[in-house]
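S.K.: Protein chains in written order, with this note's numbering: chain Z, 1 to 392; chain B, 1 to 392.
Rather than coming from a laboratory, the hints here were simulated on the basis of the structure. Just so you know, even glycine gets a beta-carbon here, dropped at the ideal spot from N, CA and C. Keep in mind that the hints are not guaranteed to be accurate.
Stated by the list, open to error - Away from chain B, derived, C-beta distances all over 12 angstroms, residues of chain Z:
#, residue
1, T78
2, G83
3, K174
4, I323
To be verified - Pair by pair, the computed Cβ-Cβ distance ranges are:
#, chain 1, residue 1, chain 2, residue 2, range
5, B, K119, Z, D314, 53 to 63 angstroms
6, B, E124, Z, E124, 42 to 52 angstroms
7, B, E39, Z, G101, 23 to 33 angstroms
8, Z, E43, B, Q224, 31 to 41 angstroms
9, B, T233, Z, K271, 54 to 64 angstroms
10, Z, D116, B, R198, 44 to 54 angstroms
11, B, E124, Z, I199, 29 to 39 angstroms
12, B, D116, Z, E43, 48 to 58 angstroms
13, Z, H252, B, D116, 19 to 29 angstroms
14, Z, D254, B, V177, 49 to 59 angstroms
15, Z, K156, B, S20, 33 to 43 angstroms
16, Z, K2, B, E39, 34 to 44 angstroms
17, Z, N36, B, A196, 47 to 57 angstroms
Number of protein chains: 2
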Amino acid sequence: MKHKVYITGSNSTKFGEHYSKSASSLATQALLGSINNAEIKKESIQAAYFGSLVSGSNSQTSIGSTCIRECGLDIPITRIEAGNASGAAAFQQAYFGILSGQYECVAVVGVEKLSDYVKGGTIEKILGATIDYHWEFEMGATLTSLYAILTKAHMKEYNTTLEQLAAVPVKNHKNGVKNPLAQFRREISLDRFLKAKRIADPIGRFDPATHCDGASSIILSSSQFLAENPDITTKVPIIGLGHASDTVSLHHRDTLTSLKATRKAADQAFKMANIKAKDINVAEVHDSYPIGEILAIEDIGFFPKGEGGKATEDGLTSLGSEISINPSGGLKARGDPFGATGLAQIIEIVEQMKGEAGERQIADSNYGLTQNVSGTGALTYVSIFTREEVKK
Amino acid sequence: MKHKVYITGSNSTKFGEHYSKSASSLATQALLGSINNAEIKKESIQAAYFGSLVSGSNSQTSIGSTCIRECGLDIPITRIEAGNASGAAAFQQAYFGILSGQYECVAVVGVEKLSDYVKGGTIEKILGATIDYHWEFEMGATLTSLYAILTKAHMKEYNTTLEQLAAVPVKNHKNGVKNPLAQFRREISLDRFLKAKRIADPIGRFDPATHCDGASSIILSSSQFLAENPDITTKVPIIGLGHASDTVSLHHRDTLTSLKATRKAADQAFKMANIKAKDINVAEVHDSYPIGEILAIEDIGFFPKGEGGKATEDGLTSLGSEISINPSGGLKARGDPFGATGLAQIIEIVEQMKGEAGERQIADSNYGLTQNVSGTGALTYVSIFTREEVKK
Numbered sequence: 001m002k003h004k005v006y007i008t009g010s011n012s013t014k015f016g017e018h019y020s021k022s023a024s025s026l027a028t029q030a031l032l033g034s035i036n037n038a039e040i041k042k043e044s045i046q047a048a049y050f051g052s053l054v055s056g057s058n059s060q061t062s063i064g065s066t067c068i069r070e071c072g073l074d075i076p077i078t079r080i081e082a083g084n085a086s087g088a089a090a091f092q093q094a095y096f097g098i099l100s101g102q103y104e105c106v107a108v109v110g111v112e113k114l115s116d117y118v119k120g121g122t123i124e125k126i127l128g129a130t131i132d133y134h135w136e137f138e139m140g141a142t143l144t145s146l147y148a149i150l151t152k153a154h155m156k157e158y159n160t161t162l163e164q165l166a167a168v169p170v171k172n173h174k175n176g177v178k179n180p181l182a183q184f185r186r187e188i189s190l191d192r193f194l195k196a197k198r199i200a201d202p203i204g205r206f207d208p209a210t211h212c213d214g215a216s217s218i219i220l221s222s223s224q225f226l227a228e229n230p231d232i233t234t235k236v237p238i239i240g241l242g243h244a245s246d247t248v249s250l251h252h253r254d255t256l257t258s259l260k261a262t263r264k265a266a267d268q269a270f271k272m273a274n275i276k277a278k279d280i281n282v283a284e285v286h287d288s289y290p291i292g293e294i295l296a297i298e299d300i301g302f303f304p305k306g307e308g309g310k311a312t313e314d315g316l317t318s319l320g321s322e323i324s325i326n327p328s329g330g331l332k333a334r335g336d337p338f339g340a341t342g343l344a345q346i347i348e349i350v351e352q353m354k355g356e357a358g359e360r361q362i363a364d365s366n367y368g369l370t371q372n373v374s375g376t377g378a379l380t381y382v383s384i385f386t387r388e389e390v391k392k
Numbered sequence: 001m002k003h004k005v006y007i008t009g010s011n012s013t014k015f016g017e018h019y020s021k022s023a024s025s026l027a028t029q030a031l032l033g034s035i036n037n038a039e040i041k042k043e044s045i046q047a048a049y050f051g052s053l054v055s056g057s058n059s060q061t062s063i064g065s066t067c068i069r070e071c072g073l074d075i076p077i078t079r080i081e082a083g084n085a086s087g088a089a090a091f092q093q094a095y096f097g098i099l100s101g102q103y104e105c106v107a108v109v110g111v112e113k114l115s116d117y118v119k120g121g122t123i124e125k126i127l128g129a130t131i132d133y134h135w136e137f138e139m140g141a142t143l144t145s146l147y148a149i150l151t152k153a154h155m156k157e158y159n160t161t162l163e164q165l166a167a168v169p170v171k172n173h174k175n176g177v178k179n180p181l182a183q184f185r186r187e188i189s190l191d192r193f194l195k196a197k198r199i200a201d202p203i204g205r206f207d208p209a210t211h212c213d214g215a216s217s218i219i220l221s222s223s224q225f226l227a228e229n230p231d232i233t234t235k236v237p238i239i240g241l242g243h244a245s246d247t248v249s250l251h252h253r254d255t256l257t258s259l260k261a262t263r264k265a266a267d268q269a270f271k272m273a274n275i276k277a278k279d280i281n282v283a284e285v286h287d288s289y290p291i292g293e294i295l296a297i298e299d300i301g302f303f304p305k306g307e308g309g310k311a312t313e314d315g316l317t318s319l320g321s322e323i324s325i326n327p328s329g330g331l332k333a334r335g336d337p338f339g340a341t342g343l344a345q346i347i348e349i350v351e352q353m354k355g356e357a358g359e360r361q362i363a364d365s366n367y368g369l370t371q372n373v374s375g376t377g378a379l380t381y382v383s384i385f386t387r388e389e390v391k392k
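Same shape as in the complex, but just chain Z (with noise of 0.2 angstroms):
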């Protein structure tokens, strides 16, 4: 074994409307599922990590209380919420809890159900909580005015088109339509998005990724686990991690035309995988707004500052070209359940390394990538993947 820590397993529940499921029943459906993808007994898993914003504000604390019951195990559960990047935070909470020895085999299950939350403002609120409550959201903006701003900036400082802009989404809805998993698997004109009535301007009402309901699990296995269990076969390395903070709040920051979170996180991952940018060829990013996208592709380092919308526009990010991001469909395509997200964007790494990805297999992928972010770029969680024989 050349690596320290594989990702064994992994399941996704589709993500969309669960109306007849609460939050605890769609983690189990994930959580019993990546089991079966593993193939282990269920009793092989020590503890298990949960990624969640919402758990807690209005019902259940520590969601996975009930939901490892409902499994039938008795292990030490933990709950890290990180906003809208829970679930990249539960996974690389994980990771340091094999690589400190405790753990050989964990799980992380990242879960959300937010049409609960859909009337009355309180998904507002929510999201709310996720940018600079009393200085920012009590004071009237919101997620998506905050993005709005982020996107003005950038168009204002790289003349980035609302045409670069669209073709981020109606780039990944063609993905999703081969996501069996996506709540959206139908594509969208690029006419249609740029004639949509403006939310914030210039974000347009189709813009912005949904808030639904669905959950995703992945199993973390240590190299001396995969030892005692030769028979599991399908395993991904996970070589490279990043972590980082920026303020909550925009006008703290030095700049609006690049997340100093996500830059940190990009170069620490990178340096511990010891691999470069140009190295990956496959990369799931947080685009619940278009202008995230282009901001991650250009601090994560696949393209100069300021190229990151024409790029896009020109095809150079669509599926099968030399990076291909978010072959899944993204948070637009896909829909974004908080705490699942970070989770599903592994997941879809994880098959792509597998070379299990379908319609979506990019081919000769080696390295993959993915970047969750929370509120407008508080915190960012990058981590690269890799297979166990890279092929030259």
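Assemble chain B onto chain Z, guided by the hints.
M.R.: Only chain B this time, still in chain Z's reference frame:
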């Protein structure tokens, strides 16, 4: 350096009502205080872990984001939520962060601003989320009424008396007089506890710990960090950790007179520390209700099952006895700002190990233990500390 991870700094705000301060400013006060106490440059801190139950429920998620900016820090933060045990949960994840080799020096902060939620039944709903929200809270049970069931079960099975139960808070208030940071620095007579109105029979009006405001912070350092910083002379080794779960709901449990999660977490911690319960002579346990302390001292193994009440009444857990339980005054006299409580317990043991507990100092305390519980025992964390040089 004989151990892997040490506590090298700590600080708490006073616990009580802080109407003029936000959760973030309380956290900032404690975090800066702990950096000052550790006598390190703040730039030495590589990451911060925040424990909070309420963060995000009604305002800011990822509570640490605003705090670190106020502290002038630019480091990754992680928020852990584990109900009433969020402080201990954050502490244990920070420990893993160091043990994994990712960090050499990290801060842990626990914080709660509960005076914002005392009106309109909000606090009951917050606590309702720590029990089974759907099958207990929504059906009419509250945390207090479930603890009343636990109390009655113990009274019935072991003839535990109201006098024995009241001996717990009587002792803890006596200890709290000696703690400058406690919310209540006054004794309450046995008679007053016994004559108080019952709020959920057999629990009386003065029995539960109060839900208040406060923040606590500790600094953790690796042995490598200490080797590189020989000026740091005051350090307390962490030698045992345990973390276990039980069902959230009482109706799924095998017994109501013992908390399985406490037994399992204590077993893990004793095994890791390679000591036994009899080696401990000072402990901070979760006395949010009198039965909580009695269950704790039995389940950890300080006293045989069923004898915790009598032991307390007989003074066997009083300050300076063979095993001093809750020398700080416990949750009862110190006050219970959920996320801060688990760290305040650790800080009391740290001060005892350093010989800096003032009037509360226990002579020759070589080993100390903390136990932090969520809900009615859904999650329990046990941690064990020692001195760098154990006295014979």
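S.K.: Now tell me, hint by hint, if it's right for this structure.
M.R.: Consistency of the hints with the structure:
Consistency note on T78/Z: stated as away from chain B, yet its beta-carbon is not over 12 angstroms from all of that chain's, at 6 angstroms minimum. Look at G83/Z: its CB is around 5 angstroms from the nearest CB on chain B, not clear of 12 angstroms, so calling it non-interface is violated. Listed as a non-interface residue, K174/Z keeps its Cβ farther than 12 angstroms from every Cβ of chain B; the least gap is roughly 33 angstroms. The beta carbon of I323/Z is kept farther than 12 angstroms from every beta carbon of chain B, the shortest such distance being approximately 26 angstroms.
Here the CB-CB span from K119/B to D314/Z is close to 57 angstroms, well matched to the stated 53 to 63 angstroms. Remark: the range hint 42 to 52 angstroms for E124/B to E124/Z is contradicted by a beta-carbon distance near 25 angstroms. At roughly 30 angstroms, the beta-carbon separation of E39/B and G101/Z lies within the given 23 to 33 angstroms, and the hint holds. Evaluation of the 31 to 41 angstroms hint for E43/Z and Q224/B yields a pass: the beta carbon distance comes to about 36 angstroms.
The hinted window of 54 to 64 angstroms between T233/B and K271/Z is violated, with their beta carbons roughly 34 angstroms apart. Look at D116/Z against R198/B: about 36 angstroms separates their beta carbons, and that is not inside 44 to 54 angstroms. For the pair E124/B and I199/Z, the beta carbons lie near 37 angstroms from each other, so the given range of 29 to 39 angstroms is met. A hinted range of 48 to 58 angstroms is violated for the C-beta pair D116/B and E43/Z, which are about 43 angstroms apart.
Between H252/Z and D116/B, the C-beta spacing of about 24 angstroms keeps the proposed range 19 to 29 angstroms intact. Remark: the range hint 49 to 59 angstroms for D254/Z to V177/B is upheld by a beta-carbon distance near 51 angstroms. The given range of 33 to 43 angstroms is respected by K156/Z and S20/B, whose C-beta atoms sit roughly 41 angstroms from each other. In this structure, K2/Z and E39/B meet the distance hint of 34 to 44 angstroms, their C-beta atoms being roughly 42 angstroms apart.
At about 54 angstroms, the CB distance of N36/Z to A196/B agrees with the hint of 47 to 57 angstroms.
Hint violations for this structure: numbers 1, 2, 6, 9, 10 and 12, all remaining hints satisfied.
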